[in-house]
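Take the sequences, apply the hints, and build the full model.
Number of protein chains: 2
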Amino acid sequence: MQWLYWFAPAGALVALGFAVLLVLGILKKKEGTDVMVSIAKAVREGATAYIKRQYSVVAIFFVVVFAVLLTLAILKLVPLPVPFAFITGGFFSGLSGFLGLKVATASSARTANAAQKSLNSGLRVAFSSGMVMGLVVVGLALLDLSIWYVILNSVYKAKPVVERLPIIASTMLNFGMGASFYALFARVGGGIFTKAADVGADLVGKVEAGIPEDDPRNPAVIADNVGDNVGDVAGMGADLYESYADSIVATMALAAAAAGGLTAALAAEMSLKMVLLPLVIAAVGLIASIIGFFLVRAGERAEQRVLLWALRRGIWGAALLTAIGAFFVVWFVLGPSYIGVFFSVLTGLVAGVILGFLTEYFTSDNYRPTKGIARSAETGPATVIIEGLSVGMISAAPSVIVVAAAVLGAFYFAGGSNNFNMGLYGVGIAAVGMLSTLGITLATDAYGPVADNAGGNAEMAKLKPIVRKRTDALDSLGNTTAATGKGFAIGSAALTALALLVAYRNEAQEAIRKAGSTIAALDISLTNPRLLIGIFLGAMLVFLISALIMRAIGTSAQAIVKDVRHQFTHTKGLMQGKVKPDYAGTVMLCTKSAQKQMIVPALSAMVTPVVAGIILGVEGVLGLLAGAITTGFAMAIFMANSGGAWDNAKKFIESGQFGGKGSDAHKAGVVGDTVGDPFKDAAGPALNILIKLMSMVSIVFLGLVVALKLF
Amino acid sequence: MQWLYWFAPAGALVALGFAVLLVLGILKKKEGTDVMVSIAKAVREGATAYIKRQYSVVAIFFVVVFAVLLTLAILKLVPLPVPFAFITGGFFSGLSGFLGLKVATASSARTANAAQKSLNSGLRVAFSSGMVMGLVVVGLALLDLSIWYVILNSVYKAKPVVERLPIIASTMLNFGMGASFYALFARVGGGIFTKAADVGADLVGKVEAGIPEDDPRNPAVIADNVGDNVGDVAGMGADLYESYADSIVATMALAAAAAGGLTAALAAEMSLKMVLLPLVIAAVGLIASIIGFFLVRAGERAEQRVLLWALRRGIWGAALLTAIGAFFVVWFVLGPSYIGVFFSVLTGLVAGVILGFLTEYFTSDNYRPTKGIARSAETGPATVIIEGLSVGMISAAPSVIVVAAAVLGAFYFAGGSNNFNMGLYGVGIAAVGMLSTLGITLATDAYGPVADNAGGNAEMAKLKPIVRKRTDALDSLGNTTAATGKGFAIGSAALTALALLVAYRNEAQEAIRKAGSTIAALDISLTNPRLLIGIFLGAMLVFLISALIMRAIGTSAQAIVKDVRHQFTHTKGLMQGKVKPDYAGTVMLCTKSAQKQMIVPALSAMVTPVVAGIILGVEGVLGLLAGAITTGFAMAIFMANSGGAWDNAKKFIESGQFGGKGSDAHKAGVVGDTVGDPFKDAAGPALNILIKLMSMVSIVFLGLVVALKLF
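Going down the list, the protein sequences come from chains F and C.
For the working numbering, count along the first sequence from 1 and bump the result up by 38.
For the working numbering, count along the second sequence from 1 and bump the result up by 38.
Quick caveat, the hints were computed from the structure, so don't treat them as lab data.
Any given hint could be a false lead.
For chains that are exact copies, the list does not tell them apart, and a pair is met inside one copy or across any two.
Taking lysine to any residue pairs in the SDA-like style, the calculated list, with each CA pair at most 25 Å apart, reads [claimed, not checked]:
id	residue 1	residue 2
1	Lys-705	Gly-248
2	Lys-409	Glu-692
3	Lys-66	Gly-55
4	Lys-244	Glu-416
5	Lys-90	Ile-637
6	Lys-244	Gly-700
7	Lys-705	Glu-692
8	Lys-634	Glu-416
9	Lys-600	Glu-416
10	Lys-600	Lys-705
11	Lys-630	Glu-416
12	Lys-409	Ala-597
13	Lys-699	Val-245
14	Lys-244	Ser-514
15	Lys-409	Gln-596
16	Lys-705	Ala-597
17	Lys-699	Glu-416
Laid out in structure tokens, this is it:
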């Protein structure tokens, strides 16, 4: 059954090859006028400058953690390949973001140029760029996983399969830690950058000076466009690379544990099949995503609504194809008696679709919640805030219920009532199922910033108003489909985190078994006070990190505000449009500030599980993870949906409702949007990474914790 | 050792007797001019009208739940005294709030009148009124507990002590459910009323019409004053009655379980001592509170800062005396070998003091967090909101760490490492210790609304500005000391909830043991998916209920806004001050709206544990409770502190900072304050009750859940 393995590298190469084709297609398009080219160049240079600086900061952290891991490996507290797996995870996660960023910045002017022809032409360019991102993320993840699988198989080839697979799986979890580690920096740093630039540009430009959005006189306008790329593209790429890779490695680890419950005769073959199954399902989803890409077709004169359905056809088509493929894969790989595992995959896919719809319901101005927020703007900013917070908090309820039902369903479908570990494997495989179509769902999310940048480009290059209108339509379309994409990402984070929680428990039991009678057996019952305290700390950490990120944005935004004000008042001829503002200076200011501010929140997430482990022991860490996962999930949905709903409520008012642009209601709506920005684009997504990174850190430093624990 | 029991009723009678003396002292004071009397009368009538209506709505629910419980008792799913215990808990909780309300509304004009003489005179009246509230709550709780203890002892007198005590303790938990049930209605209904009236009065009066706060032309101004009484006095009284009673009964239940681990010879006497100990400690704290009251003395010409220290002397003095008393009580009752239990009490007391200080640090304008919020007002409402949310979320971190340390400390001091149940008993006793000085800590919290009303009275009666200045000083003093009181309340809620969680586990094990082999043994390990899903649902419920309450306030406030606008535009001569507005109409509108809006959030809290139990079983309920307690605690602190900090940041600006009253920064500060009101006075405190009510409901309906459970 080892041949099943080849699905993974083959799929990876198909994805990367197709991505190259798409890039060549994009580059063939024209960038437009000289002005358009020069604006795109400024954004590209700003983004590259940011990402270079980010790498240099992150590199220091990677070197430190690598040194720590290497020391632990030498002390035999972690296996020797761990530090190297960690490094590659971080490298590929960063590479995904970087490549996505390159393509996105190359596509914005081309999208604006194509949008001069028609809405559909604009969509083709922007969506291709998003698809490249999706394919690069999926392709690199599968490639890296495949390579490590081969390396580890040869490192441990002396051991029999039943012993070898658990070691391989647990080492590969460290690969996940590298990915999560980089993703947190990219998401947090990028999120702080983009929102600080956005808030800074809006507060001084739109509110104080009264000039329009994306006005070239605003020094923060390029930083704002750069921000879209570094936060929403590079950050998101690293983020979803991490989600994708983590869900697969966590499920591999559960597979290795689940097969342990079988009879010895079956164990070797079954465990191999179960470990490889997530890779095969991922490959199936990848092919389905590429087919889905071709389903996104519309006539040249198609309107927004038609395009929306084209995009949906792509996403839902890919999900359906994956479901069909998964059925046959489970049937032939595990055999008909394990067909329940297919229903676990299906549970994951269906839950992802429902979560996507819920996100759309709570954040689109087609539905009551967002309309209600817009209406509350009539009574001022305070009621907009209260209503927006309420909508977000309420929206957590149905999403949590869907995830809860998915966990139960996936657990029992996979046979959890007879074999507990099989049930948990089912939960992991549901997460893999949910993320298997990431190639296309990420595309629907990642093309939004390209459209946004294209709009900025069109505005600054003074193209005809119809172009800006079209890019705005693309952007708003992107907001709707991004909702679907976010549903998959957020739901899979919860499922993966649960799988990681169990993986941690398994690793801990193994570590304690090895330590022998010197350490008491695990008491992971809920009434163990150390575990309960862990849950308290986990819940608390979610609040703390969210606040630190929001505050970091506030601090950075204040710096931008001062800079923009200074340029407005001190640069002669700027307001008259005679002199260009110092775009690069503002970009560099944003960069430095974001890099500085991201350190504390990122470190808190990493240090806490280790410190908690030393003080509260393994049980405390388990509680910490459970608390962080559950509260983090509810908080992430709350923040994402409050932010999205505020954004769209403001746009709804701008479309002429409740007084339209310039009215008091609009001003109140802008306040909501400004509060929502750090919610939806920084703190919320960071929580997704946080809960997985904490699990990863806990697993990697388990040996240390067991060796040092105080009680 | 049965004679120990007499401490409780004796303490109760001392408290109630002293309360009567204080009331007579207050009533001897003059109410002031005719205008002052008539304003006080309007507020009193409004408050009484509200409370009557509240009783009639709540009565329906009590009848329904009573009928359900009686049916369960007849079906032998709960013991027979349960429905009656439930009713008395609700009755006494309601009575505490009612008596507190009566005294508070009788004291406002008298405080304003006394404040004409000096700040200290005003404080004496207001603080006496708060002290009556504190004593009534403590006295009635101890009285009711004493009576039930006698009744249950005679009902079950045929059983030996070791069997009798667990039954008595578990029946008395139902008494707690009645108290929690009423408290949730009072807090939620009162909170909705007061905040809707407040928001309505401010939005139309201050912001739109530009008339001052407490201007008699504003139709919502009486409703606003009524609201302070029904929400902050009657609601808080019921709330803390519930906290106090719950902490004692939960600890009694743990005592009954803990003694089970001892040798048979010791068990009977030890368990009796341990069950009675919380009652004795409560009585000690009560006497210490009365002594503390006499420590609150200051010279007639004392300034604000001197008075603050006088209040602190009272609180800290009472805490110190309780600690000394508890040492001797534990030494003589349990014996020197159990002196560790004293350190558990001390842990609770110290944690309460630290939590109080933390609340003050994060919400007082003497410290950086609130000053930072005020500064962020310079860049508009959006930054005020973000900064306020950040401060609140960050403030959850140190508080959670203090509670975590207190739980660990109380657990190990009481001997948890050798006897697990003793450790849990230590956690319960820490909660009792923390709340033992409630008599005086509640006084420092409850006198604030009296001072606030006195200010309104002074304003409307057109007393000299110095009087309003003095009542404002009292009010602001109240905000600071209330922070200390809130620290005790919120911390004890977490500790009590943990005790209840364990009590639930014990009851569930007992129920399953009785059901015999038809039901599988409990698996309360964290990796049980049903338990994990429970934690998810618990965390989610906290977000949902918070949102429902905030939204209820929004809905009610909209109604008030419309009514006030209508009166402003349609009542001729109103704005010129020639015609009085229809105060009573606005009060009745607030009342009806609040009563209607409180039903959904209150019901969600009660129905969820039962439904979750039927679907997910006992393990799911345990998870639900753990999730709700941990997330609820963090959320409650976040909301209370964000709200408090916004309030004080606004006041800080009003004191002349960052442009002072009328500046743009002030307007931004008002937005923060308006958002913060539902946070700190409705949703936040409701969460404290919610987590305990859910535990209570779970325990009471345990028999039903075990009988009906699906899986």
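- Message: Checking an output row: Lys-244 and Gly-700, CA cutoff 25 Å. Within, between, both or neither?
- Response: Both, since 11 Å and 23 Å are each at most 25 Å.
- Lys-705 and Ala-597: within-copy, between-copy, both or neither at 25 Å Cα: both (23 Å within a copy, 23 Å between copies)
- Task: Since the copies are identical, ignore which copy is meant and state whether Lys-409 and Ala-597 lie within 25 Å (CA to CA) inside a copy, between copies, both or neither.
- Result: Intra 34 Å, inter 18 Å, cutoff 25 Å: inter-copy only.
- Can you give me the call for Lys-409 and Gln-596, within, between, both or neither, at a CA distance of at most 25 Å? between (31 Å within a copy, 16 Å between copies)
- Up to 25 Å between alpha-carbons, please classify Lys-600 paired with Lys-705: within, between, both or neither. both (21 Å within a copy, 21 Å between copies)
- Query: Using 25 Å as the alpha-carbon threshold, which applies to Lys-705 and Gly-248: within, between, both, or neither?
  - Reply: The answer is both: 12 Å in one copy and 20 Å across copies each meet 25 Å.
- Query: Given identical chains, is Lys-66 near Gly-55, meaning Cα to Cα at most 25 Å, within a copy, between copies, both, or neither?
  - Reply: So Lys-66 and Gly-55 pass the 25 Å test inside one copy only (17 Å; across, 91 Å).
- Item | Within, between, both or neither, where Lys-244 and Ser-514 count as close if Cα-Cα is 25 Å or less | Within one copy, since 20 Å is at most 25 Å while 38 Å is not.
- With 25 Å as the alpha-carbon cut-off, assign the pair Lys-699 and Val-245 to within, between, both or neither. both (12 Å within a copy, 22 Å between copies)
- Message: Cα distance capped at 25 Å. Does Lys-244 pair with Glu-416 within a copy, between copies, both, or neither?
- Response: The answer is both: 20 Å in one copy and 16 Å across copies each meet 25 Å.
- Evaluate Lys-90 and Ile-637 at a C-alpha cut-off of 25 Å and name the case that applies: within, between, both or neither. Within. Shortest intra-copy distance 17 Å satisfies the 25 Å Cα cut-off; inter-copy 56 Å does not.
- Intra- versus inter-subunit Cα pairing at 25 Å for Lys-630 with Glu-416: between (39 Å within a copy, 24 Å between copies)
Going through the hint list in order, the structure satisfies each hint without exception.
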